[in-house]
Amino acid sequence: MIYSLSLLLILIGLYGIICKKNVVKIILGIIIMEYGINLFILLLGWRKEAVAPILDLSKNPVADPVPQAMVLTVIAAGLGLVSLMVALAIRLYEQYGTFDTTKMKEEE
Amino acid sequence: MSSISLFVALPFVGAFSAALLGRSLPWFPGIASIFSGVVLLFMALAGFLIPSLPSAFASPDLFSSLMLVIVNSALFLSSLYSLAFIDRFFTSKMRFYTLLLLSFTGANGMLLTTDFFTLFIFLELLSFSAYALVGFSAERNALRASFKYLVMGSTASLMILLGIAFLYGRTSSLSFSVISSFLQIHPHDPGCTVALGILIAGALVKLGIVPFHGWVSDAYGSAPAPISAALSGAIAKVAGLYLLIRIVFHIWGITPQLSAILIYCGLFSAIIGSLLALIQEDMQRTYAWSTISQKGYILVAFGLATPLGLFAALLHLFSHALFKPLLFLGSGNVKYSVGTTNMKRLGGLSRQMPFTCASMLIGSLSASGVPPLNGFWSKLCIILACFQAGFPLLALTLILVSIVTLGYTFRVMKLVFFRQEPLLEKFASAGFFQWLMTFFWKDSPQTKFLSIKEPPLSMKIPLLFLAIFSFGMTLLLPFVHSADLQKKSGELFLYHSEESLSSYPFSGEYR
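Going down the list, the sequences are from chains A and B. For what it's worth, the numbering used here labels the leading residue of the first sequence as 1, then goes sequentially. For what it's worth, the numbering used here labels the leading residue of the second sequence as 1, then goes sequentially.
No lab work stands behind these hints, which were simulated from the structure alone. Just so it is clear, CB atoms sit at the ideal spot from N, CA and C, and this is done for glycine as well. The reader is advised that the hints may include incorrect statements.
Now the in silico label distances, taken between C-beta atoms and shown as ranges [as the list claims (entries may be wrong)]:
#	chain 1	residue 1	chain 2	residue 2	range
1	B	Ser451	A	Leu72	54 to 62 Å
2	B	Arg140	A	Lys21	17 to 25 Å
3	A	Lys103	B	Gly339	27 to 35 Å
4	B	Ile279	A	Ile31	36 to 44 Å
5	A	Gln95	B	Ser181	48 to 56 Å
6	A	Leu72	B	Ala358	47 to 55 Å
With the hints as extra help, turn the sequences into a complete structure.
Pasting the structure below:
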């Protein structure tokens, strides 16, 4: 099942967020988790041998366009999130001189 | 476009015009923000108080219109307060107000949608600007707090997205009413139950309730005071509580299991939040833990799911939106005048800042539920509702937590306002020496202390406003037909009504 692949991606992302101490790795975890969810949503709209539902008068099955529109929006929002996270990571590095969250806590 | 779309359009346009014009006209962003706050507050009040208005004004339902009043009053007060506060601590008014307006756009939008995906987009808009605003502060650990909030908040957002995906996969719809009617036919659908669990977890993280409260004390404790006030009074409530209540009450319908989840989470956060508030060293951090505790009260009252409980929850939601911003803004006043909110280094401010002291006293009394103030009525209703629903032990615990609340709010009042200034204390015994010292030592603790003044008028008005309303709610209560309101709030939550949902303005249905 290809659905389990998306679940695996989500779990890898969650592992990165929970267990890693490095800011960059946490950011990567969030990105991977988001991609896993995007893949899951895309798979919801997938039909076997489906065509795009644009002026299609034949009896072919059509793919569900809603998940694709959703994923497009989520990707756009995710880009904003990634840029915010990276900007914060750079500021954190400037302030503490490290990407390690435990060391940051020790410095305070 | 009906005029209710202004709730989203006005702050959105305000945000972008502030970003465009902010460089050439430095006064513009603040004025735009206050203007949209005032206009939307009046519209929300009109929609809330006069339900018979034409549909262009009428808000979707009681819960949404109450939340609209809370959110827009928070927008007005925090943008008015920030005018002077930002000048003192930060450089860029333009960025601050742009982010503030964007996050309130998201909050207003969330309250007016009827489908999950639009709700998710507005939630993301709200959260992104909130993360950035927390990082705006000059505090040492602000960036780390902002990053913590960002990681937990965006994980919660992704959880909510996953829940929405599950719901779409099972019901092939995103609209609240379609999903709700699907669930009435198949109440034990496994995919939807998974979605329910994920959505509740995501909403609880966004709200900051006890198993998921890690970010709250850092984020509220180190954010600029007006942002803490807006976040705890309005924005986090919309992002977490509104979503949770919509899911649990309107879409699924409350069941004993869900009710138990709400009551236990609420109870534990009420206890843990208030106990940890007792041992904080920072004013703002104390109030941050107190926020967790008060949100626990609200959640318990919602979890009871009796008409009186729901009425009490709405009342406490409203009174928390009055007294908690009052306390946060008061600590902002101290920060503005003295430069720190660390309680070890504060003291004796009641003589230098009498206005701030008086209004924070009202806020503290209200938070701990002392009779003439609004907090008393809402807590009384919650405790009565607990007795009525047959949980006397729960009621007793909440009364005890309320006493602890009195303890930590008055601890702050004593340490900050009603004791001898710690640095002056050392010199208090040597009277002549102290007198002599004022001549030779320009920056002596005493001259520094005497130079502390009240902040400017624009920072006092929000406190005055909130303090007056804390009293005013009591005067209003005799005129409110509480039985009628109870019936209304009971009907609102316990009955799945498709008409009430389809009257929303943004009810775009994808299918």
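We went through each hint and held it up to the structure:
One distance hint, 54 to 62 Å for the beta-carbon pair Ser451/B and Leu72/A, holds here, with the actual separation near 58 Å. Our hint of 17 to 25 Å for Arg140/B and Lys21/A holds, since their Cβ atoms are close to 20 Å apart. Between Lys103/A and Gly339/B the CB atoms are about 28 Å apart, so this pair conforms to the stated range of 27 to 35 Å. Between Ile279/B and Ile31/A the beta carbons are some 38 Å apart, a value that agrees with the proposed interval 36 to 44 Å.
Checked against the given bound of 48 to 56 Å, the beta carbons of Gln95/A and Ser181/B, roughly 52 Å apart, stay inside it. At roughly 54 Å, the beta carbons of Leu72/A and Ala358/B sit within the given window of 47 to 55 Å.
Hint violations for this structure: none, all hints satisfied.
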